[in-house]
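Chains as they are written, first to last, in our numbering: chain E, 4 to 221; chain P, 309 to 360; chain C, 37 to 287.
By construction, these hints were calculated from the structure, which means they are not laboratory data.
Any given hint might turn out to be false.
[Claimed, not checked] The calculated DSS-like cross-link candidates involving lysine-lysine, where the alpha carbons are at most 25 Å apart (straight line), are:
hint, chain 1, residue 1, chain 2, residue 2
1, C, Lys56, C, Lys278
2, P, Lys315, C, Lys92
3, C, Lys55, C, Lys278
4, E, Lys156, C, Lys56
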Amino acid sequence: MIALVARDLRLAIRAGGGFGLGLAFFLIVTVLVPFGVGPESATLAKIAPGILWVGALLACLLSLDRILALDYEDGSLDLLATAPIPLEGVVTMKAAAHWLTTGLPLTLAAPVFGVLLNLPEPGFGWVTLSLAIGTPALSVIGTFGAALTVGLKRGGLLLSLLVLPLYVPTLIFGAEVSRRGAMGMDTATPLLLLAGITAAAVALLPFASAAAIRVNLR
Amino acid sequence: MMPDLGKYAAAVLSAYGVTLVLLAAIVGLSWWRAARVRRALAAQEDRMARDG
Amino acid sequence: MPNPPKPRTMSIWEYANPKKFMQTSGWLLPWVAGLSAVALVVGLVWGFFFTPDDYKQGSTVKIIYIHVPAAMMAINIWVMMLAASLIWLVRRHHVSALAAKAAAPIGVTMTLIALFTGAIWGEPMWGTWWAWDPRLTSFLILFLFYLGYVALWEAIDNPDTAADLTGVLCLVGSVFAVLSRYAVNFWNQGLHQGASLSLDKEENVADVFYFPLLVCIAGFVGLFVALLLLRTRTEIRLRRLKALEARERMA
C-alpha cells in the first residue's frame, strides 16, 4: 500500500504531474482577493480566515480529476482493482497521495499567505490546525467524486459540481474554527465537528468510492 | 375581485407568477417529452413489425 | 377435502414489473392528475382570494400557499429518490431506478420555487433580495445536490451504470445534505436570530390560514405523483426504445 502512495507521489512530482498546481492557485487567490475587496487592513483581517479556507478548497478541487483518470486511461486502474489489496484500501491510498501533494502543502503554505491577508495573530495556529484536520476530508470526498466520474471524457466540470455541495460542511466548520480562533473565541465545538467529519469520511467514504470504481470498470 | 395586496402587491404577485411559470414549465416539458418518446417508440415498433 | 388455495396477497413488488407498472399507472394517471388539479385550484384560489392578511406580514402571508408546499415537496422528493435508489441498488428493479431519475427534475422545480418564493417573501422583511437565512441556504445546497444528480444521469451513456452511480451519489449526498443542514444552522446562528421564515412550523398557524394550506399541500403532492407517473412511464418507454434500436442495429 505504501508503494502505491510512493508511486503516485513520484508521478505527481514529475514535470507535468500537477504538483504545485494547487499551491500556485492558492497563491493566485490570495493575491487577487485584496485587489478585489480593497486593501483596507480591517476588512482583510476579518475575511482572511475564510479566504484561506476557500482558496485551499478550490486548490484541492483543481487536482481531483488527476487522482483516478490517468490510471483509468492506461488500464492501471483495472490492475489495481484486481490486485490482492482491497479496492477500498487502494482508494484510501489514492486519497492519501492526493492529500500529500495538495492538502498538506496548502496547509503548510497557509500561514505564509495569511500574512498577505492581514490574518490576526491568534488565527495563524487555528487556520493551520483546521486545514490540517480538514484537508484530508477534502481529499477523501474528492476521491469519491473522482470515482463517480472516472469513466467520463471531460468530467472535470461535473466533478466540481458533484463535490461542491459535499464540501460545504467541512468548509463551514473549518472556516468557523479559523474565524473564531482569529478572534480569540472558543473553537472547541466546530473543531470537534470538523474532526468528526474527517474521521467519518476517511472511514466510510472509501467503500462508496470503491463501489463506484467497480461500477465504472464493468 | 383582486384582494387589496397593499404595498406588498409586487412581491406577492411575482411570487405567484414565478411559481406558475415554473410549474407550467415542468408540466409542459414532461408532457412534451412523454408524447415525443411515445411517438418514437410506436414508430420503432411499427418498423420492426413490418420488417419481421 | 383438499386445502383451499391460499388467497393471492398483493405485494407492492409486483409494480416493479415494468408491464404491470405501465398498466396500473395508465389508468391511475388521469385520476391523480385531475384530482390534484382540483386541489391546486381550490387551494390557491381559496388562499389567494379568501384569506385575510397577517397583522405582521401583511399580504405577503399569501406566499405560504406556494412556498410551504414547494419546500415540503423539495425535501420529500429527495427522500423518495433515496428510497428508490436503495431499492435499485439492493433489489435491481429497473422501475425503481427510473422512478428516481424521473423524480429529480420535479424536485429541482420545487426547490427553485421554494428558493424564489422564499427570497421574495424575505425581501419585505429583511430589505434584501437574498439573505443567507439557514433555511434558504439549505435549500440552495439542496438545489446543488439535485443539479449534480441530474447532471450525472445525463453524462453517463450506459443506463445501468448511470443508475448505479446516481444511486450511490444519492446515498452519499443524503448523508451530506443532513450534515449540511446542521452545519448551516451552526454557521448562521450568530447573525439572524429568529429572523427566519418561522410562520410555517414554529408558530401556531391560525386555522383560517391552515386549511387552504392543507389543500395546497395536497395539490402539490398530487401534482408530484402525477408528474412522477408520467415521467416514469416515459423513462420506461425510452428504455424499451433504446433496447429495440440496439436490437435493430445488431440485426
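Tested hints:
Using a Cα cut-off of 25 Å, the hinted pair Lys56/C and Lys278/C holds, with the two alpha carbons roughly 20 Å apart. Taking the CA atoms of Lys315/P and Lys92/C, the gap is about 13 Å. The hint holds against a cut of 25 Å. For the hint pairing Lys55/C with Lys278/C, the CA-to-CA distance comes to about 17 Å; that is within 25 Å, so the pair holds. For a cut-off of 25 Å, the pair hint linking Lys156/E to Lys56/C is broken: about 38 Å separates their Cα positions.
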